[in-house]
Structures are given as C-alpha cells and as structure tokens.
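Throw the hints in and build the complete structure from the sequences for me.
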Amino acid sequence: MTVVNSTNFVYYFKNITCNFAFHVMFKLILPHDVRARRLFATSGALKKVQEIQAEPGTILMEYIMQINCCFPEEIIRKNH
1064 MTVVNSTNFV YYFKNITCNF AFHVMFKLIL PHDVRARRLF ATSGALKKVQ
1114 EIQAEPGTIL MEYIMQINCC FPEEIIRKNH
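Residue numbering for the sequence shown follows the working numbering, starting at 1064 and increasing by one per position.
Calculated directly from the structure, the hints in this document are not laboratory data. Careful: at least some of the hints might be erroneous.
[Stated by the list, open to error] Computed cross-link-like contacts, SDA-like style, restricted to lysine to any residue with a CA-CA straight-line distance of at most 20 angstroms:
hint: 1; residue 1: K1111; residue 2: R1100
hint: 2; residue 1: K1110; residue 2: P1094
hint: 3; residue 1: K1141; residue 2: I1115
hint: 4; residue 1: K1090; residue 2: P1135
hint: 5; residue 1: K1110; residue 2: R1098
hint: 6; residue 1: K1141; residue 2: M1124
hint: 7; residue 1: K1111; residue 2: P1094
[As the list claims (entries may be wrong)] DEER-style ranges, computed between Cβ atoms:
hint: 8; residue 1: I1115; residue 2: E1136; range: 25 to 31 angstroms
hint: 9; residue 1: K1090; residue 2: P1119; range: 20 to 26 angstroms
hint: 10; residue 1: R1098; residue 2: E1118; range: 31 to 37 angstroms
Note that the structure is predicted; figures quoted are calculated from it, not measured. We put the beta carbon where it would ideally sit given N, CA and C, even for glycine.
Okay, here's the thing in structure tokens:
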C-alpha cells in the first residue's frame, strides 16, 4: 500500500472505524517494513496522523498509538 496523497489518506483515516486494509497496514506492514515506514514518514502521512485530534479511548486514538509505536520517539516528537 502506497500513500500517494496524504490529504486523501487523512480523510480516509478519519472516516474509518474497523477497516481491514488499515488493520493489515498497521499490524502487519508498518511494524516490519522499513521502506513502508520511511515512505509513510517522508510522504507527510505521519505528520498528518499526528495532527488528528482524536478523543482518548476511541478506535481512532488506538490506531494513532499503533502507528506511533512503529517509529522512534524522536521522529514522533519531530512530527507532533
């Protein structure tokens, strides 16, 4: 899965609840694929995810936390 347009990505991301494709991406691809993480960060998608204001305890916040766990803390701080 390639993130081509980070604005479209964030729109899609904010409007999902339990999408299988996102589950696969976050659980299987990002944690194990350095190239995917690099592309996710350099495309601006990680920054867009950090800009989302999610309520604590929601599925959206859980997804954001799962994404954050795939990156070193200094990258998360830089994009936040």
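Results of checking the hints against the structure:
no.	hint	in the structure
1	K1111 <-> R1100	holds, 14 angstroms
2	K1110 <-> P1094	holds, 17 angstroms
3	K1141 <-> I1115	holds, 15 angstroms
4	K1090 <-> P1135	holds, 17 angstroms
5	K1110 <-> R1098	holds, 17 angstroms
6	K1141 <-> M1124	holds, 19 angstroms
7	K1111 <-> P1094	holds, 19 angstroms
8	I1115 <-> E1136: 25 to 31 angstroms	violated, 19 angstroms
9	K1090 <-> P1119: 20 to 26 angstroms	holds, 21 angstroms
10	R1098 <-> E1118: 31 to 37 angstroms	holds, 32 angstroms
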